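K.L.:
The chain contents come next:
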Amino acid sequence: MITASPTVPARERAMPGWLRRVATPKTLIIVVVAGLIGYLALVPLYYLIWGTFFDANGFTMGGFARAYGDPRVGGMIGNSLWFAIGAAVLSLAVGTALAYLNVRTDVPFKGLFFAASIIPLIIPGILYTISWIFLASPDIGLLNKLIEPVLGPGFFDVFTVWGMVWVEGLHLSPIVFLLMVAAFRSMDPSLEESALMSGASRWQVFRRITVPLTRPAIVAAVLIMVVRSLESFEVPALLGLQNGIYVFTSRIYFVLRSYPPDLAAAGALAVGLLVLAVIGVAISNLVGRSSKNYQTVTGKGFRPRPMELGKWRPVMGGAIVVYFFLTVVGPLLVLLYTSLLKFYQAPSTEAFASMSLDNYSELFHISDATTALKNSLLLGVGSATLVMALMAVGAWMVVRSRIPGRQLVDYFSFTPLVVPGLVLGLALSFVYLRSPVPIYGTIFILLIAYCTRYMPYGMRYAVTSMHQISSELEESAQVSGASWWQTFRRVLLPLLSPGLLAGWIYILVVSFRELSSSILLYSPGNEVLSILIFEQYENGQFTVLAALGVVMVLTLAVLVVIAYKLGAKVGLRQD
Amino acid sequence: MQHQKILGSVAAVAVVLFLGACGASPTSGGPTSAAGADKSNTKAQEVYGRINRLTGDERTKTLLDLAKKEGTVSIYTSNTDLDKVIDGFKKTYPIEVKVYRGNSESVLQRVMQEQQANYDGNDLVETNAGELNIMNGQKMLYPYEGALRDAVRKEGQADGWTATRFNVFVIGWNTTKVKPGEEPKSFEELADPKWKGRISLEIGDVDWFAAMYKHYLDQGKTDAEVRDLFKRVAANAKIAKGHTAQGELLSAGQFAVTASSYSHTIDKAADQGAPVSWHPASGTPIQPIVIRPNGVALMKTATHPAAAMLFVDYELSEGQKILHESFRVGSIPTANDPLAGLNAISVPEKEMLDDPKKWDALYEEVVQSGQEVK
Numbered sequence: 001m002i003t004a005s006p007t008v009p010a011r012e013r014a015m016p017g018w019l020r021r022v023a024t025p026k027t028l029i030i031v032v033v034a035g036l037i038g039y040l041a042l043v044p045l046y047y048l049i050w051g052t053f054f055d056a057n058g059f060t061m062g063g064f065a066r067a068y069g070d071p072r073v074g075g076m077i078g079n080s081l082w083f084a085i086g087a088a089v090l091s092l093a094v095g096t097a098l099a100y101l102n103v104r105t106d107v108p109f110k111g112l113f114f115a116a117s118i119i120p121l122i123i124p125g126i127l128y129t130i131s132w133i134f135l136a137s138p139d140i141g142l143l144n145k146l147i148e149p150v151l152g153p154g155f156f157d158v159f160t161v162w163g164m165v166w167v168e169g170l171h172l173s174p175i176v177f178l179l180m181v182a183a184f185r186s187m188d189p190s191l192e193e194s195a196l197m198s199g200a201s202r203w204q205v206f207r208r209i210t211v212p213l214t215r216p217a218i219v220a221a222v223l224i225m226v227v228r229s230l231e232s233f234e235v236p237a238l239l240g241l242q243n244g245i246y247v248f249t250s251r252i253y254f255v256l257r258s259y260p261p262d263l264a265a266a267g268a269l270a271v272g273l274l275v276l277a278v279i280g281v282a283i284s285n286l287v288g289r290s291s292k293n294y295q296t297v298t299g300k301g302f303r304p305r306p307m308e309l310g311k312w313r314p315v316m317g318g319a320i321v322v323y324f325f326l327t328v329v330g331p332l333l334v335l336l337y338t339s340l341l342k343f344y345q346a347p348s349t350e351a352f353a354s355m356s357l358d359n360y361s362e363l364f365h366i367s368d369a370t371t372a373l374k375n376s377l378l379l380g381v382g383s384a385t386l387v388m389a390l391m392a393v394g395a396w397m398v399v400r401s402r403i404p405g406r407q408l409v410d411y412f413s414f415t416p417l418v419v420p421g422l423v424l425g426l427a428l429s430f431v432y433l434r435s436p437v438p439i440y441g442t443i444f445i446l447l448i449a450y451c452t453r454y455m456p457y458g459m460r461y462a463v464t465s466m467h468q469i470s471s472e473l474e475e476s477a478q479v480s481g482a483s484w485w486q487t488f489r490r491v492l493l494p495l496l497s498p499g500l501l502a503g504w505i506y507i508l509v510v511s512f513r514e515l516s517s518s519i520l521l522y523s524p525g526n527e528v529l530s531i532l533i534f535e536q537y538e539n540g541q542f543t544v545l546a547a548l549g550v551v552m553v554l555t556l557a558v559l560v561v562i563a564y565k566l567g568a569k570v571g572l573r574q575d
Numbered sequence: 001m002q003h004q005k006i007l008g009s010v011a012a013v014a015v016v017l018f019l020g021a022c023g024a025s026p027t028s029g030g031p032t033s034a035a036g037a038d039k040s041n042t043k044a045q046e047v048y049g050r051i052n053r054l055t056g057d058e059r060t061k062t063l064l065d066l067a068k069k070e071g072t073v074s075i076y077t078s079n080t081d082l083d084k085v086i087d088g089f090k091k092t093y094p095i096e097v098k099v100y101r102g103n104s105e106s107v108l109q110r111v112m113q114e115q116q117a118n119y120d121g122n123d124l125v126e127t128n129a130g131e132l133n134i135m136n137g138q139k140m141l142y143p144y145e146g147a148l149r150d151a152v153r154k155e156g157q158a159d160g161w162t163a164t165r166f167n168v169f170v171i172g173w174n175t176t177k178v179k180p181g182e183e184p185k186s187f188e189e190l191a192d193p194k195w196k197g198r199i200s201l202e203i204g205d206v207d208w209f210a211a212m213y214k215h216y217l218d219q220g221k222t223d224a225e226v227r228d229l230f231k232r233v234a235a236n237a238k239i240a241k242g243h244t245a246q247g248e249l250l251s252a253g254q255f256a257v258t259a260s261s262y263s264h265t266i267d268k269a270a271d272q273g274a275p276v277s278w279h280p281a282s283g284t285p286i287q288p289i290v291i292r293p294n295g296v297a298l299m300k301t302a303t304h305p306a307a308a309m310l311f312v313d314y315e316l317s318e319g320q321k322i323l324h325e326s327f328r329v330g331s332i333p334t335a336n337d338p339l340a341g342l343n344a345i346s347v348p349e350k351e352m353l354d355d356p357k358k359w360d361a362l363y364e365e366v367v368q369s370g371q372e373v374k
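So the protein lines, in turn, are chains P and F. Counted from 1, the first sequence has number 10 at position 10 by the UniProt record's numbering; the numbering is strictly sequential. Counted from 1, the second sequence has number 279 at position 279 by the UniProt record's numbering; the numbering is strictly sequential.
This is chain P alone, in the form it adopts within the complex (with noise of 0.2 Å):
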C-alpha cells in the first residue's frame, strides 16, 4: 500500500521543527487512511442528508412526514424489528456454533465444512429465497410433500415471519461465522483448559469463558445483522408481500419507484436506521472499550490447540451434516435441479427426462459472460483487498490511539452501510460526473462503490481483531527500537490476519452479487456479473439463472477455500 520511507536529512534540515515532528511515516498513513475513509462517507451521506432536508424551496421536513407518515408505519416497525431481531438472533446461534466447532474442535470435514458454511452467502438472495419457497411453500414446497403422510399438508410456511426469519437469518449467517472463526482462532485455549481443570463443564466454559471473550465480535455481529435485516428487502418482498406482511423497507421501496424517485422520503427513513446504527456502534465501542478482558493474544505464547470432542465427535459430526442438508444442499439442490430444467416443475418422472445441461451451455453462449467474470473477480479482489488494508490502520487509530476524534472514523466507516445503493450509485455519478478525473464512465467508480459499501464490514472485523490483541504486543516491539510502521507491519498485521481474511473473503463473496449502484455506474465493457444476474432475471430466464447461481457457488467456493488455506499460513498457527 504505502511504504514508509525515511525522511530525507536535507530535507529535514530545510523543515521547521513542529513539521518534522507531525510529517512522520506514521502521521501521513494515519492522514491518508483517516481522509479516504471521510472522504468515502461523507460523499453519499453528504448527498442523502441534503436530499432528505432540503428541496428545491429550501429546508423542509417533508420527507419525514412521507417516510413515518402512513398509518400502517407502527405495525411496518413492528413486524421490521421482530425479523431483524430474529434473524440476527438465528445466525448469531448458527454462525457461533458453526465457527466454534470448525475452529475450537476436532471435528470431522472441516475443509468441506468452511466452504458450506459460506455457500448460502454466495448464492444470490434471489436464488435462495426462490429455492426456499420451493422447498418450504405450504402449497407447493418439497419439504411438505415429503413430511405431508406423517404431518399433514402445508406443515411448513416460509410465507410468515417466521420464515422470513428463517430464510434471512440462514442467509446471513455466514458474516457472523466469519467474525466469530477469526475471533476464535485469536483465543488462547489455556483459559478454557484452566476451566475444565478446575472442574467446571464443557457447557459452563462455553457460557462462562467462551463467550464472554468473544463479547466484541459477538456485539459487532449483532449490530451488522440487525441493521443488514433491517435492510434487507428481497427476503421480505418475496415471502412477506404475499401475506400481507409489510416491513419498513417495504416503504423504501415505495418512495423510491416513481420518478422522481423521492428521494427525501427514502432518506428519511435511511436517517432512521442511522440513528440506530450510530447508537449501535456506540455500545460496541463502550463494550470492548479499551479493556483488556478481551485481550486474549499477547505476550504469552500459546497455540490454539482442537479441543477434542472425544465420543460427541460422531454425534457432531452427524448434526452437522443434518445442517447442512437442510440449509445447505437443500436449496443448492433445488437450484441444481432446477438448472437442468426448462421450467421449475415438482420432482417426476417426466422431469428427470426433460434434463439437460441446455442451460449451462446457453450460460457460455451469452457474450458478456467471460468479461463479467472478470471484472467482478477483479473487483471482489481488488475492493476486498483495500478495504481491509484500509480498515486494519482505522482499526488501529480506533482501538489503540489517543487520537482525538477518533470515534468519528468509526462513526463514518460504518455510515454507509445505512446508505441505500440506488442512493450511493446517485451520489457517485453526481460527483464524478463533474470531477475532472475522467472515473466516471470506467471500472474505477465502481471500485470506488464497492469499497464504500463495504467500508462497515471491514471495519467491524478489523475492529474486533483489533480488540483481541493486547496492547503489550505492540509497546514491546517499540520499547525494542521498531519505529510504528515496523510493529504495524510485523507484528499487528500478522495477529490480525484472522479477521482481515475473514473480512476479505466476506467481502470478495457479497461483491459478486451487489446489484443496486452498480447497475447505475457500470458502463458498456465494464459489466458485472450481478447485471448479468440481473439481465437473466428481466428476461424470465429463471432455469439460466439458477445455472449461472451453481456456477458462482463453484467458482466462490474454490476461491474461498484458497483464501483460507492460504490464510492459514499467515499469524497464529493451528496444530
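Treat the hints as calculated values from the structure; they're not laboratory data. Here the structure is a predicted model, which means the values were calculated and not measured. Mixed in with the good hints, there may be bad ones.
Claimed, not checked - List time: in silico PhoX-like cross-link candidates among lysine-lysine, alpha-carbon distance up to 20 Å:
| # | chain 1 | residue 1 | chain 2 | residue 2 |
| --- | --- | --- | --- | --- |
| 1 | F | 194 | F | 43 |
| 2 | P | 374 | F | 98 |
| 3 | F | 177 | P | 145 |
| 4 | F | 90 | F | 321 |
| 5 | F | 196 | F | 185 |
| 6 | F | 185 | F | 154 |
As the list claims (entries may be wrong) - Here's a subset of chain F near chain P, in silico, CB distances under 7 Å, partners left out:
| # | residue |
| --- | --- |
| 7 | 98 |
| 8 | 99 |
| 9 | 117 |
| 10 | 119 |
| 11 | 269 |
| 12 | 272 |
Unchecked claim - A partial selection of chain F residues facing chain P, derived with a Cβ cut-off under 10 Å:
| # | residue |
| --- | --- |
| 13 | 83 |
| 14 | 197 |
| 15 | 268 |
Backbone N, C-alpha and C define an ideal beta-carbon position, used for all residues, glycine too.
Starting from the known structure of chain P, fit chain F onto it as the hints suggest.
P.N.:
Only chain F this time, still in chain P's reference frame:
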C-alpha cells in the same frame, strides 16, 4: 498537542478532497429539480433533420455512409431482449455497438444525471413509455420520422419517441390448477370468493392498474365501485414482486391465476413446456388487455446521430422479426397480429406523467387494504 495537529490535518484533507470532488453543489441541479437539458448539439440535429426527410434506398445509403464514418453507436436500454436485435445489427452493418442495460429506472436516472452534467453518454435510448415521456418532457429527445414510424400502431407514435414493441398485460393461469372450461371469464370474476388465495397480483404494476381503473370508470362505474372491485380482488390475492418470479411461481403451481402477467412471460414458459396459458380452450383471451408501448428515441446530444438512426430503422424493420421470435409483440402489426380483434386498452400516460404519486399511492392502498379483508 501533536495529536490535535494530526486531527486538524485529517479534517483539512477530508474537506479538501470532498469539496474538490463536489465541484458543483448538488443544489445547483439535483435529482429532484428540473433538468432543463435543452442544450443543442446542432450537428446531430442537422443530421436528424436531413435524414428524417429521406425515404427508401436513398435514406439507407446516406445513413450507412454517415454511420460508417461515425463507426460506433451507444445505446442505453432496459429491454433485455434487445441483445438479439443488436447481434443482427452488428452482422448487417460494420458499426460497433456499445450497450448499457439496466432497469427502466436506472436508464432514466443515468440519462438524467449525464444530461445535467453535459456528459454525452448515449446516442439513443430504448426503454418504457413512462421514462421516455419524462425525457421528452425535459426536451432531451429529437423526433424520429419516416415511413417506418408511420407504420407503427397509432398508440406507439408518441411525442418525441417511437414504439418498438408492446408490453401486453394478460390474465394467465396454470393449466393444471385451472382445468379447461374453469378459466375466469373476466377480471371482475377474480373478485369472487372462489378464487380466494389462488390468484396473484404484482406489486409494481401501477401502469396496468391505472389503465384498468380508467377502463372501469369509462364503463360507467363510480370511483367507489372500482376501488371496491380492486380491493376484493386484492383480498383474494397473493402479492408477488417481479414478473419473472411471479411467472416462475405460476408455472410451479404456487398461484393458479395471475391478473397482470406479460404475455411474453407466459408464451416463453409455455414454449418451454410449462403448464401455463392465456388463451382459454374456448374462444378468445380474457379482455380488456392492457398494452403499454416500449420505444426508442434519438438523443439531441448524440455524438453518433446517423448510426443511431440506422439502428432505429433496423429495429423497426428486421428487428421486428427478431423481437417476435422472443415472443415480444412488435409495434408494427403483422399478418398474424396477436392483438387482432382484441379489446386492447392503453395506459393513461398523460395522467401518469402529471401525477405519478397519485396512482402509486392508490395502488399501494388497494393492495394493502385488500389484504386486510381476511
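K.L.:
Confirm or reject each hint.
P.N.:
A quick look at each hint next to the structure:
1. F:194 - F:43: violated (63 Å)
2. P:374 - F:98: Since the Cα atoms of residue 374 of chain P and residue 98 of chain F sit roughly 18 Å apart, the hinted pair holds (cutoff 20 Å).
3. F:177 - P:145: holds (17 Å)
4. F:90 - F:321: holds (16 Å)
5. F:196 - F:185: holds (16 Å)
6. F:185 - F:154: violated (28 Å)
7. 98: Because about 4 Å separates residue 98 of chain F from the closest Cβ in chain P, which is inside the 7 Å limit, the hint holds.
8. 99: holds (6 Å)
9. 117: holds (4 Å)
10. 119: holds (5 Å)
11. 269: holds (6 Å)
12. 272: holds (4 Å)
13. 83: For residue 83 of chain F, the interface hint holds, since the closest Cβ of chain P sits about 7 Å away, which is under 10 Å.
14. 197: holds (9 Å)
15. 268: holds (6 Å)
The structure fails hints 1, 6 (numbered hints given earlier, in ascending order).
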